[in-house]
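Asks: Produce the entire structure from the sequences given, and follow the hints as far as they go.
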Amino acid sequence: MNRMEEAKKRYDEVPIPEELSKRVLQEVEKADRRRKEEGVIRRPHRRSLHVWQKGLVAAAAVMAVFVTALNTSTAFAQSAGELPVIGAFAKVLTFRSYETETEDDLKISVEIPSIEMIAEGTGNLADSVNEEILAMCEEFADEAVERAKEYRTAFLETGGTEEEWAAHNIEIKVWYEVKTHTDRYLSVAVTGAENWTSAYSETRYYNFDLEKGRQVTLSDLLGENYAAIADESILSQIPEKEAESGLDYQEEAFTGVTGDTKFYINEAGNPVVVFEKYEIAPGAAGRPEFEIAG
Amino acid sequence: MAQDLYDRVVRTIIENQNQYYRLAYSYVQNQEDALDAVQSAVCRALEHYKELKNSGAVKTWLYRIVVNESLSILRGRGKEVLSGEEAPPEEPYEEKGFAPPEEDLYLHINRLEPETQAIIKLRFYEELSLQEIAQIMEMNLSTVKSKLYRGLKALRLSLEELSIEEVDV
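As they're listed, the protein sequences go chains A and B.
If you're matching positions, the first sequence starts at 1 in the numbering used here and goes up one per residue.
If you're matching positions, the second sequence starts at 1 in the numbering used here and goes up one per residue.
It should be emphasised that the hints constitute simulated quantities derived from the structure, not laboratory data.
Note that the structure is predicted; figures quoted are calculated from it, not measured.
Be careful, since some hints might not be right.
On the chain B side, residues computed to face chain A include the following (Cβ under 10 Å) [claimed, not checked]:
# : residue
1 : N18
2 : L23
3 : A34
4 : D36
5 : E126
Note that beta-carbon positions come from the ideal geometry of N, C-alpha and C, so glycine has one too.
Replies: See below:
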């Protein structure tokens with residue numbers, strides 16, 4: 001390999017943070033809204049979603065987005081849309097969206113993604129996986145809505161007015177990304193973002209064993225001694241990561257892998273343990289990932 | 001029509017976001033700034049897409065914006081007191097007539113003057129043609145070529161080492 005190829009390799013190996021697609025989407029949505037306000041977009045929002053979602057799918061990135069926007073003034077409405085996707089894996093994304101009014105006259109609109117896999121052999125499993133992902137997104141959104149409600153209460157109690165609150169334009173987004181889809185496994189990352197706080201931009205991972213029809217645990221992949229195996233592998237990889245990034249990891253903050261440790265399964269079928277930002281390394285390291293080769 | 005162009009810009013951004021991120025990262029060398037650079041590039045592109053006259057040049061036009069945003073973050077660093085969590089690595093400027101030959105090429109490229117740096121990155125990392133680079137840099141082709149050669153010379157890279165077809169001449 002010549003020197004230029006080495007330099008290019010280094011360039012190409014820069015990891016793409018998950019946050020990238022989120023930040024890009026944020027800007028696109030902002031621009032969409034701006035154009036709508038200017039009266040440029042006369043089509044329904046649903047279509048504008050589709051245009052960039054097709055692109056997203058082509059980029060094998062984020063698969064679907066749903067937006068919980070507090071303060072929208074629409075009354076109860078229910079609609080459904082379908083977007084067929086031709087990608088590496090034949091899938092159909094179906095959007096279900098509805099808007100609800102809550103007891104405090106908080107108007108909340110929710111768009112929920114669901115997936116139906118029409119891949120052969122998944123049979124009736126598709127529905128259960130579908131429902132599981134849906135439930136995860138709902139759970140995530142519910143918690144975010146709760147936090148926003150608390151914030152609203154505090155805001156009003158400390159002298160804020162309804163108008164000022166409305167101007168906050170609070171938005172909660174939850175979306176999921178298919179990390180890996182092999183014949184055997186499906187790994188999904190569910191991420192949420194709340195535009196008024198960055199404290200909860202958390203990612204959760206869900207790994208399904210498509211053959212057995214249930215969630216995969218680290219012990220399924222690594223055996224009974226999964227904790228010891230993963231701990232050893234992570235500790236041995238830290239020096240490499242430090243050398244690569246020039247950042248000091250806080251080994252002492254690493255308390256060991258447990259059954260609750262977050263991971264996804266990569267193409268090779270190996271678990272990849274993911275730490276939250278700041279958990280074991282400075283923020284600049286993002287969310288450090290460690291592949292545990294079996 | 002404006003709608004078509006807008007959709008096209010959005011699609012190009014989404015399809016190429018990883019490339020834009022890597023290019024930005026190659027300048028700013030940390031994740032936060034690279035994300036900021038891409039985000040403000042997207043914002044700028046969607047605000048100014050109407051100024052794009054040649055609708056066939058969406059991709060190259062976006063590269064240009066990403067390079068500009070990255071450079072403006074680097075310029076900002078010189079002025080502001082850093083409040084971020086990590087200080088960026090020091091990147092000393094190239095001293096004239098001095099280039100340690102054994103040095104890491106990746107780092108060495110990052111120390112070239114900004115235009116030459118961009119040309120080399122776009123040519124060899126992003127593998128764009130010289131014509132595309134000329135479009136991105138708003139330079140004529142011969143200026144791009146001469147800057148490229150001067151850059152390669154500063155890097156002590158011979159054309160043999162790169163293989164001549166790769167350089168397009």
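Asks: Now tell me, hint by hint, if it's right for this structure.
Replies: Hints, one by one, checked against the model:
no., hint, verdict
1, N18, "holds (5 Å)"
2, L23, "holds (9 Å)"
3, A34, "holds (8 Å)"
4, D36, "holds (8 Å)"
5, E126, "holds (9 Å)"
In this structure, every one of the numbered hints holds.
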